[in-house]
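Participant: Residues per chain, in single letters:
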Amino acid sequence: MEKDAPVVISVKNLHKSFKLPTERAGGLKNAIFNRLRGVKGYTEHKVLNGISFDIKEGEFVGIVGRNGSGKSTLLKTLARIYFPEKGSVDVNGNLIPFIELGVGFNPELTGRENIYLNGALLGFSNKEMDTMYDEIVDFAELRPFMNQKLKNFSSGMQVRLAFSIAIRAKGDILLLDEVLAVGDAEFQKKCNDYFASIKGKQTVILVTHSMANVREFCTRGILIEEGRVKLDDKPDKVADAYEKLWG
Amino acid sequence: MAIPNFLYKNNRVLLKELTKTDFKLRYQGSVLGYLWALLRPLMMFAILYIVFAKLLRFGGDIPHYPVYLLAGTTLWSFFTECTSQGIQAMVIRGDLIRKICFPKYIVVVSSTLTAVINLLINLVVVIIFALINGVTPSWTWLIVPVLVLELYTLSLGISFLLGAINVKYRDITSIWEVLTQALFYAVPIIYPIAMVSSTSAVAAKAILLNPIAQIVQDIRYCLITDQSVTTWNYIGNPFLKAIPIIIVVVVLVWGSWYFRKKSKKFAEEI
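Protein chains in written order, with the numbering used here: chain E, 1 to 247; chain Z, 1001 to 1270.
Just so you know, not all the hints are guaranteed correct.
As the list claims (entries may be wrong) - With a straight-line Cα cutoff of 25 Å, these simulated PhoX-like cross-link-like pairs (lysine-lysine) come out:
(1) E:K29 with Z:K1265
(2) E:K12 with E:K234
(3) E:K151 with Z:K1020
(4) E:K40 with Z:K1265
(5) Z:K1168 with E:K86
(6) Z:K1168 with Z:K1261
(7) Z:K1168 with E:K46
(8) Z:K1016 with Z:K1264
(9) Z:K1168 with E:K29
(10) E:K40 with E:K29
(11) E:K230 with E:K86
(12) Z:K1024 with E:K46
(13) Z:K1168 with E:K127
(14) E:K170 with E:K199
(15) E:K19 with E:K86
(16) Z:K1264 with E:K19
(17) Z:K1024 with E:K151
(18) Z:K1009 with Z:K1024
(19) Z:K1261 with Z:K1009
(20) E:K46 with E:K12
(21) Z:K1016 with E:K127
To be verified - Just some of the chain E residues that point at chain Z, by a computed CB distance under 7 Å:
(22) Y82
(23) F83
(24) G104
(25) A120
(26) S125
Don't read these hints as lab results, they were simulated from the structure.
These numbers were taken from a predicted model, which means no experiment stands behind them.
Note that CB positions come from ideal geometry on N, CA and C, so glycine has one too.
Whenever a hint applies, use it, and build me the whole structure from the sequences.
Facilitator: Here it is as structure tokens:
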């Protein structure tokens, strides 16, 4: 990437831990008993242990690491779903998070209604959605079905719709968790072509376990282990390191 | 996290979309659809009317007692629907909260707005019944919207406060169910205040310090009959008179402050 591209995400010394309840049943009763006994009732589990990095405009960053290394927590903190416990996250621009596809999709609403609801959840007005609507429907190739209820869509059609919203939503930064290509072989090829075409133009942060994706689409890789940045380098080097460690 | 602000356009869009969805889905798959919003409270009223007005003869000398009773049950249904929806809103919408960042209060407000829409429809029915029953329209009808707003403010405050606790301790849902049952008898919905004041004036005064009782009696006074005993005409002490209003304001301020404080952690705790 060009050195002078502006920084769009700046993460500084990020810490995050979760309280895991030690008792099997939660609820009011245990909370009161624990307080009376002077027991904490939970153990602290450190997930992020001081993560720092800057992401510049136009970078396609692949975040890799084993299950439980803190990738998803990091992504959710970038999306401001979780709040940093210590350290800071600065985001410059409109960030579109896709932690999961089709959040808020309702089977009883039509395809069209679901697009507008999903758009509103991402912070777009109806007018803004009007300008994106045709592109979304065309990319999903689902125009004849838009006035049908979502429950009458096949599951493949549902993810295609959700995915099309994700990539056609006009945001500055796209966050994706484990989703690059969905649907049948033909649609998957379309997705891959799309990502190849935006490489270097749109800022994307992708959490993935597929080193093939890292090598093909990313301009940079970040390897996370035990809540720390273990390696932050060219995608090939990060993919090699990942495969050497756990491949 | 965006600062809670109703003027921020995209928050309004989200509020509208969520409310629309809630309302559309509420009676999804039922034959009579939206009609249930009207039929349910009317049927509730029919039961109470037969039991309390016809069998137990609670009405006494209150003019237009059936309409008086209908107004009470309508407002009570609104209060219970609004609070129970509001308290459970965060839990019901947990999937959204875990995966997208948006101002959380919108979820609570949108789920209570469905109850508001139902109330407005039902108030039209109350007014139609009042006219059929021979109540003459008066300028005091114009005060009713203010009182409805007061009731909504109280319901919203309770929803914020208990809804925030409910995220972590789901016991609140069950506790509130029992509490509203108890509260129903502590508010003069089915019985006239005169029944209490004839045995104990202190008890009647205590009942009228409850903001729900104050609102219900005031709306009956403005809409139906000046025979309705209200906080203002029954309690003399001006400081005591202010208590219902103070409760409403405190509950809203405390509720929204607590909700805002806790909302940062909702995504982790839900």
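Participant: If a hint holds in the structure, say so; if it does not, say that too.
Facilitator: Here is how each hint holds up against the structure:
1. E:K29 with Z:K1265: 21 Å, holds
2. E:K12 with E:K234: 21 Å, holds
3. E:K151 with Z:K1020: Holds. K151 of chain E to K1020 of chain Z sits at ~19 Å (cutoff 25 Å).
4. E:K40 with Z:K1265: 18 Å, holds
5. Z:K1168 with E:K86: 23 Å, holds
6. Z:K1168 with Z:K1261: 14 Å, holds
7. Z:K1168 with E:K46: Holds, because 21 Å separates the two Cα atoms, which is no more than 25 Å.
8. Z:K1016 with Z:K1264: 23 Å, holds
9. Z:K1168 with E:K29: Given that 25 Å is the threshold and the Cα spacing comes to 12 Å, the pair holds.
10. E:K40 with E:K29: Measuring from Cα to Cα gives roughly 14 Å; hence the hint holds.
11. E:K230 with E:K86: Within the cut-off at roughly 19 Å; holds.
12. Z:K1024 with E:K46: The hint is violated at about 43 Å.
13. Z:K1168 with E:K127: Given pair K1168 of chain Z, K127 of chain E is violated - Cα atoms ~37 Å apart, limit 25 Å.
14. E:K170 with E:K199: Holds: K170 of chain E and K199 of chain E sit about 16 Å apart, inside 25 Å.
15. E:K19 with E:K86: 15 Å, holds
16. Z:K1264 with E:K19: 15 Å, holds
17. Z:K1024 with E:K151: With a Cα-Cα distance of about 15 Å, the restraint between K1024 of chain Z and K151 of chain E holds, given a limit of 25 Å.
18. Z:K1009 with Z:K1024: Holds, at roughly 22 Å.
19. Z:K1261 with Z:K1009: Holds, at about 23 Å.
20. E:K46 with E:K12: At roughly 17 Å apart (the allowed maximum being 25 Å), K12 of chain E and K46 of chain E satisfy the hint.
21. Z:K1016 with E:K127: 14 Å, holds
22. Y82: Holds. Min distance 6 Å.
23. F83: 5 Å, holds
24. G104: With a closest approach of 5 Å, the G104 of chain E hint holds.
25. A120: 4 Å, holds
26. S125: 5 Å, holds
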